[in-house]
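Engineer: Construct the complete structure from the given sequences, taking the supplied hints into account.
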Amino acid sequence: MTAGRAAVLNAPGELVVSEVEFSDPGPGEVLVKLVASGLCHTDLGVIAGGIPFPTPGIIGHEGAGVVEKVGAGVTGVEAGDQVLLSFTSCGSCAACTSAHPAYCETWLPRNLIGLMRSDSSGTVTRDGSPIASHFFGQSSFGQYAIADERSVVKVDPGADLTVLAPLGCGVLTGFGSMWNVLDPGSDDVVAVYGAGAVGLSAVIAAALRKPAQLIAIDLVDERLALATELGATATINGTTENVAERLAELTGGRGVALSFDTTGNPGVARQALDAASVRGTVLVCGAPPPGTEIPVDIQGILTGKVLRGVTMGDTDPATLIPQLIALHADGKLPLEKLEKRYSLDQIGQAADDMHHGVTVKPVIVF
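Taking this note's numbering, the leading residue of the sequence shown gets 480, the next gets one more, and so forth.
Treat the hints loosely; a few may be bogus.
Quick list of in silico lysine-lysine cross-link-like pairs, DSSO-like style, CA-CA up to 30 Å [stated by the list, open to error]:
1. 548 x 689
2. 633 x 784
3. 689 x 811
4. 512 x 784
5. 633 x 548
6. 816 x 633
7. 811 x 512
8. 689 x 512
9. 512 x 816
10. 819 x 784
11. 548 x 816
Keep in mind that the hints were calculated from the coordinates and are not lab data.
Structural biologist: Now the structure itself:
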């Protein structure tokens, strides 16, 4: 057993740093000594109780660290390798074998609801009792993580793990959703609703494609200013401006061809649908509570409008994460502009700062 500290969610709203013990990894798993972990809005949803999670347990799903031990059958990494952690998948269903692991047939139970794992999987205990520890195949809010090999992406020995940690979910989702799914061209009008880590990563991706217009929408002026710095050609503050009127003005009444709603708010998704152009697409992500519904006027979408969902940017982390690292090295993915660092003991403050828009992307440093 390996002793360490972790932020344990005892119950919704009760996140407590505790002493825990990590077993050796099971078959197909690795024990990673974590350097850092990003904090994501999905984590906030679990902490608030909006997303089902078996407590007590450890969440977190943007880990970065060094492999300490590997379980039986692991061939992709070895002890001493630097790695980033992302979501897990089965590797054998039709989605996984066609390079769409974010749509794995067992994605939900493996990553969120139920924390699906084998009987021989490694465990984490507190005071001798097992606690849930397989969130997104990793549970990264601790000094160590027992991660699925399919959650692990090997990176160069010299990579700055603290800076790169958020690539595992938030940046991956935002960039991938824009790059892989919406795929804007030079004639498109693009709007991104929400200028958090996911939305700003999408702005960066869209800006690289140089669309006709790139519009960022948020409630916080500082985030909109950052969106402009990252490539947005126009911004709208939904608190002080009429979003529908401004979009109509910016598009000459034609509407938005490609919209990405990162807020998880059904009212915002409906607003994006209403503002979409003929044959426009509205892409939605996020993890609102189960049962959340988006109101749709059927007459309003008969002009060919498309409402589409996305998980994890429809990405294969093993493919996209190295590309994102290369973009960061080239100065085209300025992650440092999004991040603020916190210690493990400050994780509650980090969550509060993120919730209130004070910090775009908290990074917990171990």
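Engineer: Return the numbers of the hints above that this structure violates; sort them in rising order.
Structural biologist: Failing hints, ascending: 1, 2, 4, 8, 10 and 11.
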